[in-house]
Amino acid sequence: WGPDFDGKPSLVLVSDNNFGATQFTQFIALSVTAPIPEPATGLLLLLGLLSLWRLKPRA
47 WGPDFDGKPS LVLVSDNNFG ATQFTQFIAL SVTAPIPEPA TGLLLLLGLL SLWRLKPRA
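With positions in the sequence shown counted from 1, the corresponding number in this note's numbering is that position plus 46.
Keep in mind the hints are simulated off the structure, nothing from the lab.
Treat the hints with care, since some could be wrong.
Unchecked claim - Okay, derived cross-link-like pairs now, SDA-like style, lysine to any residue, Cα gap no bigger than 20 Å in a straight line:
#, residue 1, residue 2
1, K54, T79
2, K54, S77
3, K54, W99
Input sequences plus hints: build the corresponding full structure.
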């Protein structure tokens, strides 16, 4: 997360070129208008995905 932009939170994405001639470095700055999820939301998502993985039938 970056500094506020126009009173809204910003999200800065960076992509590196890995010193490759065919790749390029990118900086993308986005203004976030939707509510930012609480950190616990990510934990609940992870726990839900782990439980689904555990229930997956195995060969």
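Verification of the hints:
1. K54 with T79: Roughly 7 Å between the alpha carbons, so the hint for K54 and T79 holds.
2. K54 with S77: Holds, at roughly 6 Å.
3. K54 with W99: violated, 36 Å
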